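Chains as they are written, first to last, in full-length UniProt numbering: chain A, 1 to 346; chain B, 1 to 346; chain C, 1 to 346; chain D, 1 to 346.
Since the hints were made in silico from the structure, they are not lab data.
There is no bait here: all hints are sound.
Derived lysine-lysine pairs resembling DSS-like cross-links, with alpha carbons at most 25 Å apart:
| # | chain 1 | residue 1 | chain 2 | residue 2 |
| --- | --- | --- | --- | --- |
| 1 | D | Lys-208 | D | Lys-105 |
| 2 | A | Lys-208 | D | Lys-304 |
| 3 | C | Lys-304 | B | Lys-166 |
| 4 | B | Lys-208 | C | Lys-252 |
| 5 | D | Lys-36 | B | Lys-187 |
| 6 | C | Lys-115 | B | Lys-304 |
| 7 | A | Lys-304 | D | Lys-115 |
| 8 | C | Lys-187 | A | Lys-187 |
Each pair of labels, with its calculated beta carbon distance range:
| # | chain 1 | residue 1 | chain 2 | residue 2 | range |
| --- | --- | --- | --- | --- | --- |
| 9 | D | Arg-264 | C | Pro-271 | 40 to 50 Å |
| 10 | D | Arg-264 | C | Asp-25 | 24 to 34 Å |
| 11 | C | Gly-185 | A | Gln-112 | 31 to 41 Å |
| 12 | C | Asn-205 | B | Gly-224 | 28 to 38 Å |
| 13 | B | Ser-67 | C | Asn-205 | 54 to 64 Å |
| 14 | A | Gly-224 | B | Gln-61 | 53 to 63 Å |
| 15 | A | Pro-121 | C | Glu-189 | 31 to 41 Å |
| 16 | C | Asp-25 | B | Pro-301 | 45 to 55 Å |
| 17 | C | Lys-208 | A | Gly-279 | 50 to 60 Å |
| 18 | B | Glu-54 | A | Arg-136 | 21 to 31 Å |
| 19 | C | Asn-205 | B | Gln-265 | 21 to 31 Å |
| 20 | B | Asp-258 | C | Lys-115 | 23 to 33 Å |
Which stretches of chain C does chain B cover? Using the computed rule of at least three CB atoms under 8 Å from a CB of chain B, they are:
| # | segment |
| --- | --- |
| 21 | 174-181 |
| 22 | 196-203 |
| 23 | 228-236 |
| 24 | 239-250 |
It should be emphasised that the depicted structure is a prediction, and the values quoted were computed from it without experimental measurement.
Just so it is clear, CB atoms sit at the ideal spot from N, CA and C, and this is done for glycine as well.
There are 4 protein chains.
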Amino acid sequence: MLKVFICGGSGYTGSELLRILALHDEVEIVGVTSEKSAGIKVSEIFPAFFIYKELKFESLQIEKIKSRADVYFLALPHGKSQQVAAELFQAGKKVIDLSADFRIKNASIYEQWYKTQHLYPELLKEAVYGLPEIYREQIKKATLIANPGCYPTSVILPLYPFLKNKLIEASTIIIDSCSGVSGAGRKAEISLNYCEVNEDFRAYNVAKHRHTPEIEQELGFAFGSSITIDFTTHLLPLNRGILSTIYASMNKDLSTADAIEILRQQYQNEPFIQILPEGEIPGIKHVKGTNYCYIGTVVNPRTKRLILVSAIDNLVKGASGQAVQNMNIMFGIDETKALRSLALSP
Amino acid sequence: MLKVFICGGSGYTGSELLRILALHDEVEIVGVTSEKSAGIKVSEIFPAFFIYKELKFESLQIEKIKSRADVYFLALPHGKSQQVAAELFQAGKKVIDLSADFRIKNASIYEQWYKTQHLYPELLKEAVYGLPEIYREQIKKATLIANPGCYPTSVILPLYPFLKNKLIEASTIIIDSCSGVSGAGRKAEISLNYCEVNEDFRAYNVAKHRHTPEIEQELGFAFGSSITIDFTTHLLPLNRGILSTIYASMNKDLSTADAIEILRQQYQNEPFIQILPEGEIPGIKHVKGTNYCYIGTVVNPRTKRLILVSAIDNLVKGASGQAVQNMNIMFGIDETKALRSLALSP
Amino acid sequence: MLKVFICGGSGYTGSELLRILALHDEVEIVGVTSEKSAGIKVSEIFPAFFIYKELKFESLQIEKIKSRADVYFLALPHGKSQQVAAELFQAGKKVIDLSADFRIKNASIYEQWYKTQHLYPELLKEAVYGLPEIYREQIKKATLIANPGCYPTSVILPLYPFLKNKLIEASTIIIDSCSGVSGAGRKAEISLNYCEVNEDFRAYNVAKHRHTPEIEQELGFAFGSSITIDFTTHLLPLNRGILSTIYASMNKDLSTADAIEILRQQYQNEPFIQILPEGEIPGIKHVKGTNYCYIGTVVNPRTKRLILVSAIDNLVKGASGQAVQNMNIMFGIDETKALRSLALSP
Amino acid sequence: MLKVFICGGSGYTGSELLRILALHDEVEIVGVTSEKSAGIKVSEIFPAFFIYKELKFESLQIEKIKSRADVYFLALPHGKSQQVAAELFQAGKKVIDLSADFRIKNASIYEQWYKTQHLYPELLKEAVYGLPEIYREQIKKATLIANPGCYPTSVILPLYPFLKNKLIEASTIIIDSCSGVSGAGRKAEISLNYCEVNEDFRAYNVAKHRHTPEIEQELGFAFGSSITIDFTTHLLPLNRGILSTIYASMNKDLSTADAIEILRQQYQNEPFIQILPEGEIPGIKHVKGTNYCYIGTVVNPRTKRLILVSAIDNLVKGASGQAVQNMNIMFGIDETKALRSLALSP
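Here chain A stands alone, though its shape is the one from the complex (with noise of 0.2 Å):
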């Protein structure tokens, strides 16, 4: 058995590794933290998990927790996930952090987006991005994952092949993201109690989200020099899920079939990859609480745009769903394993 440690198991990414990880049969759950729930038990805070019996929060020390996993799982807020990361990287651990501390390559891009100081840029090296489709031979041999974000995910999938084959004017590209309110995170405040959200849809962050220079960069790595794209962010009155429609002027006079056998040439053999057939476009209900990423795509005739229609679950394939798909690639687990449920639906 793998013995797992979750550092930050009270917010909603950190729940969700509890929630994956009870039907995993390979790993243990060795010890969770939370500096607001420390000392109470999880099945308190959740009782949803109730079969974590006995297991309780604890206060995140890394003198005390550094030898007791194999692998740990930060689902930290950005910022603190650095040193964390950074001292069991140090003691050998396998790392697997959902924070953005180590997805920028860039530390000074990453310091003016974040407006926080990177302590660690030499790890920045170290770090592989997590996302398997694009990366999973580095993920095999990696110690320090940098898993990737919600939007990120959403959009670096069905662009990748596009953008690798230079089909599309990397200057034309705008997206148009919309997210359930679990990503803005479990935290008191006004701005996302349910009446403030519920029968509300907004734009926010308009230009100047966080995810854009990690899109922009992983965009960047497949076209082969660098991208500013447009994006923008929605708030969605729902839990779970990200839709992401994106726009780009084409190269070439591709159909949408033709667009379609791109996807599907470049995802055949991904186990979470899905790539509708022509008509058909995806909703986040074909992804509630499942690892699957759905594609569909049109061509626009009159416009000779090609439009792409992507849906993630962003606590799933998002954030903590792809954390244990790496953690399964890293330790040659089967990658589908604890993984496999299909869509709540309805």
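Based on these hints, arrange chains B, C and D on the given structure of chain A.
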């Protein structure tokens, strides 16, 4: 591999069987029917269920299906299920009927509440009421299971030990239940439209819901004599889940702790029943997507009434999950197989 | 123009007063307080209320406000309202208090349920309980109005004629009420976050909700002697509205038609009470955004119990709308002024 | 009193006319049609509209209705509206048509997108496109109003001044719009069921929505030459509201403040347009239940694109409210009469 056939696969209980059984590694789905969608692939109607790649819906023709499987789930409308169940039963097949057709032992009571004739009253004594927590031994040997209704499951489980032990006044039972919209089935009706249900909450079928005689029958069996209840149902603006709040005057001066202890004694070895500690009351979010029934209780010291609150997912413990639990029991499979998921929360 | 001042304008009942009074052509809002938002424009906190162009929230200082208006609405927390009400009362001002501070005539019962001392018990006899359908004549002459609670409004109105006419057994009353989330107020609490409430439904404060003594007091006044009830509250995943389902055993053999007639007799001249015909049961969508109370009733012929179902908007008839109705009555304005909107449906 | 007749009163735009006109003190509703509900009282189909006590739905028969009113609102399906409009027009009546039948000046474009023949092409030049912010003077004198579509209203208003002043590259316009479910109408369809829409979000009619030619026509008129756009629509899990996020490359180096100033200049005297200050972006909650259009804007300094975000209530400013606004203008009534409600928030 156990061969499974689903009659009626395009409604919510049928599709829920497809969802649950996708994770069951000891069964194989050999066929699924739908009159409306006959000839169409399951994955076309339900893109979320892409794994059923080549499986197509077919029309229900007893002669063509009766030799193909070991067990048949009937997710057919009340009244239509009878004949299919009877013919499969006569062909020696195991049948798990999710309709109400074999739940009520007295055919004339069935006919009075369901406004339809019962054509196979002789089969009623063969049918076992599929509530494992009460009838597990009979289920093991059963050929025909009458899978319980969603509301009755949520009501019988909490009341059972108090009636069996004659701790409450049977004539004072009042049941106030609320269900998510999937309980109404998957059909085209303006009253079920999003805009008609969202931001609304209403009582329906007041004093005449058809689950009344089923509840009264099973409570009466537990109590040892007949019982008449008030049972009011309400429509909640959410997809899944039932919460029942139940009131009864007590015969004995019990405390809340006593009431919890009585529930714990009854259900201590049950894998799917969770009795909450004093001060905790269940919510639908504890059980969404799961086969669990959560029960909490309070004795009101001012009125001496027992108040029980239970939560289930109407499509899982209230229908398809309980049906799979029954199948597992009938075939000697681990009772919790394919049913161990924790609640999707949030 | 009547000069109106609102103490506590940044919560949901305060902002609802701003919304309703925007359409009232005989009043002028001369000031509004908020400690958190003092100095900030109303239209900055609530962009939907752009018409209050220059109006700014100010800090509540009695000396500065007590000569500025003819009537003061207090939308302050329980316990904090007392002193403000008392000082304005002593300054000879009309006060409509939306808190619970002056609703309960017996100060020790107030103190027991609200866990706070009552500093002005001598004012309790001055306060008129602001339910116009029962106390209209007293309201006309009142200086201090104790505006009713949301749940009590939804419970007292349907039960009143049956208790007054002694048609039900007072000891058998059971009230099962469900409220939208705005009833919990506008505050930063994880338990009120969108993801915690959406797709969930739970009972809360079982057997100990603080509206219990208010309901018992007014039902007792109607009945002529004291009454003890079971009252259970539930949190609905929607913004606005309360639905109460009420059960009581009858003293007389009434039919459903009789029960409807009793309600009609009582409320035939009331502008805001709608009694539904036999076979119709109200839903929250009938009253959303309005000052109406809809009531439906069924007598269960099998149990001889009276079942009443009532629907109100908790922020309008359950709070701010009723407060404006009281103001209209106190100042001889048409009672329905600014309160005639029909339900926003869908 | 102006006599008003509503053709098609049982859908969402028809019932919204009933809701809005209930507060209009200069009109009297003399009749309302519904084929499905002919002979039934309005208050029976819509209990929330109890004030229409004796008004019954009737079947639409031109001969019987054409002399009864001064103005006719047509809330009929596309294709069916044409003939009714034509006959009432020929009878000299004022007609406000909420369908698409007279919005598109080129009959062949109409026929191509709506797949139905236009039988009265000669009337197209008589019809005035009922967007008061652009065509107020023509509306004053019009006999036949083509009331704008919901999405077009939300798109044309923010883009208009930028196109009129040639500040953006017309070929780069991308419009990403999201609508609440009432936009799909009130009809029995499984895809509109609560469980199918709730917790889901999907794009639909990608690159082929029928509002495309209407938007292109009006944007083209503003710009002075024809325009082709990308326009993608999505279905939001909420009842009311449209949010459009619009992208275009600029011709000039404008700042966000400049863009706001251009909108303010254009709309400074408009009673129903609110331009938000820098840093504020509208949400649907600002306009729910109201006739307002809120507009916010950001210029992305990294891409030099103009990003416009607009919010309207699809049933009010996007349909019935705008229709009443047009009626007020046509008959010399205060343009804001019956349309002054602020947003129901929360």
